Amino acid sequence: MIPSNFTYHKATSIQDAIALSKTHGEEAKYMSGGHSLLPMMKLRFASPEHIIDISKIDGLSYIKEDGETLKLGALTTQTEMEYSSLIKEKYDIFSDSVKLTADPSVRNLGTIGGNIAHGDAANDQPALMLALRATVIAEGIDGKKSIPIDEFFHGFYMTALDASDVLVEIQIPKAKKGSGGAYHKVERKAGDYATAGVAIHIELDGHGTCQQIGIGLTNVSAVPMRLERGEEILRGQKITEDLIKQVGKIASEDAEPTSDLRGSEAYKRSIVNTITQRMIRLALERAQK
Amino acid sequence: MKHKITLTINGENVTSEVDSRLLLVHFIRENLDLTGTHIGCDTSGCGACTIMLNGQSIKSCTYLAVRADGAEITTIEGIAAEGTNHPMQKAFHDQHGLHCGFCTPGMVIRSIDLLKNNPNPTEEEIRWGISGNLCRCTGYNNIVKAVQQAATEMQKES
Numbered sequence: 000m001i002p003s004n005f006t007y008h009k010a011t012s013i014q015d016a017i018a019l020s021k022t023h024g025e026e027a028k029y030m031s032g033g034h035s036l037l038p039m040m041k042l043r044f045a046s047p048e049h050i051i052d053i054s055k056i057d058g059l060s061y062i063k064e065d066g067e068t069l070k071l072g073a074l075t076t077q078t079e080m081e082y083s084s085l086i087k088e089k090y091d092i093f094s095d096s097v098k099l100t101a102d103p104s105v106r107n108l109g110t111i112g113g114n115i116a117h118g119d120a121a122n123d124q125p126a127l128m129l130a131l132r133a134t135v136i137a138e139g140i141d142g143k144k145s146i147p148i149d150e151f152f153h154g155f156y157m158t159a160l161d162a163s164d165v166l167v168e169i170q171i172p173k174a175k176k177g178s179g180g181a182y183h184k185v186e187r188k189a190g191d192y193a194t195a196g197v198a199i200h201i202e203l204d205g206h207g208t209c210q211q212i213g214i215g216l217t218n219v220s221a222v223p224m225r226l227e228r229g230e231e232i233l234r235g236q237k238i239t240e241d242l243i244k245q246v247g248k249i250a251s252e253d254a255e256p257t258s259d260l261r262g263s264e265a266y267k268r269s270i271v272n273t274i275t276q277r278m279i280r281l282a283l284e285r286a287q288k
Numbered sequence: 000m001k002h003k004i005t006l007t008i009n010g011e012n013v014t015s016e017v018d019s020r021l022l023l024v025h026f027i028r029e030n031l032d033l034t035g036t037h038i039g040c041d042t043s044g045c046g047a048c049t050i051m052l053n054g055q056s057i058k059s060c061t062y063l064a065v066r067a068d069g070a071e072i073t074t075i076e077g078i079a080a081e082g083t084n085h086p087m088q089k090a091f092h093d094q095h096g097l098h099c100g101f102c103t104p105g106m107v108i109r110s111i112d113l114l115k116n117n118p119n120p121t122e123e124e125i126r127w128g129i130s131g132n133l134c135r136c137t138g139y140n141n142i143v144k145a146v147q148q149a150a151t152e153m154q155k156e157s
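Going down the list, the protein sequences come from chains A and B. Just so you know, we're using numbering that gives the first Met the number 0 here: the first sequence kicks off at 0 and counts up by one. Just so you know, we're using numbering that gives the first Met the number 0 here: the second sequence kicks off at 0 and counts up by one.
Treat the hints as calculated values from the structure; they're not laboratory data. Careful, some of the hints might be misleading.
Residues from chain B shown here face chain A by an in silico Cβ test under 8 Å; the list is partial [stated by the list, open to error]:
(1) N9
(2) N12
(3) L22
(4) T49
(5) S56
Predicted, not measured: the structure shown is a model, and the values here were computed from it. Glycine included, C-beta positions come from ideal geometry on N, C-alpha and C.
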């Protein structure tokens, strides 16, 4: 399959990308790894007239802690995440997710920024970003903007990014003592999109009480979903087995899955319950270390 | 719109003019006549089109040729000198890691990249490592054995 005709442009800097986007307007799309966009173009689900290649822009690939923040450059590949010693050491939730995302050759090109900017609830990173309460940094015609993750996902493939906005960085509160996270998704086969996935981030105080909790769900709603009711139950509490079961049940009630080839609605509600419970237990265990 | 691209493929410099929408796998097979790289699913699922781009395995059916401007590419034809076999090829031969051979070029390239990041993988790491490459003949067992043999051989060499 060959995509329909378009014109390719290589952006050499963020400013260059924005200028190209300004010239070509809504008919232009940014491409980083291209492993979501190009398949859509081959299948004619998308037919942009202009592709602006942002993958060659220098300086957007990094994983670093800066003050109280973990900063991820948007062009950091999933493979770079997988082999980062900082991630391996302190951010288990990413190590969990990356190896379940697509396959190694796809991860060599797929970027962390693209995984979020694509605005697909089936992608894995959006649920993590909800759980971790990330902030998305973008640059566009109007300058630099900082978008809280809860205001980022607007709908099916729709985000808070304007056509000219380049997602440049993701900021996450730095891991600290007493914090822990976990992610798992059920997939039909290696490399598949999630039948359902759950990301958990827990922060405990010195007495083991849950100060902050983030729960993000993958592919069980049109937009990446925060399980607010579940978070409310655990926040401020000592997390008990009884509470974990309650939150699992809430996840199965509040998720909005639809029946498709990956499973029936009832099946998805059932597994989202199970994974939610397992991931809370795992994140709790990691937070207590 | 045509774009002039210059790249290195299997050690040779190539300059060509390509359309924006030309896929790298078509450029390799049709423009350069290197037909060892196969087209399987054409949707980045099966790995038959796997090549090495700047030292990393990628699926060339899901990459625009124009984006390879300035890149260094290695295909199955270029992993060992003419008339010789790469240790990974020898291992696939010794362990009977193929039946029909359609997946083999991609499988070999992917396995070389796997060992670069993880020279001594466990069986599980090998299975996850080649999870983006489908084989419909072998049932994978002999492929795993081949990668294990190559890992041992390549560690001795280094």
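request  = Tell me, in ascending order, the numbers of any earlier hints that this structure violates.
outcome  = 1 and 2
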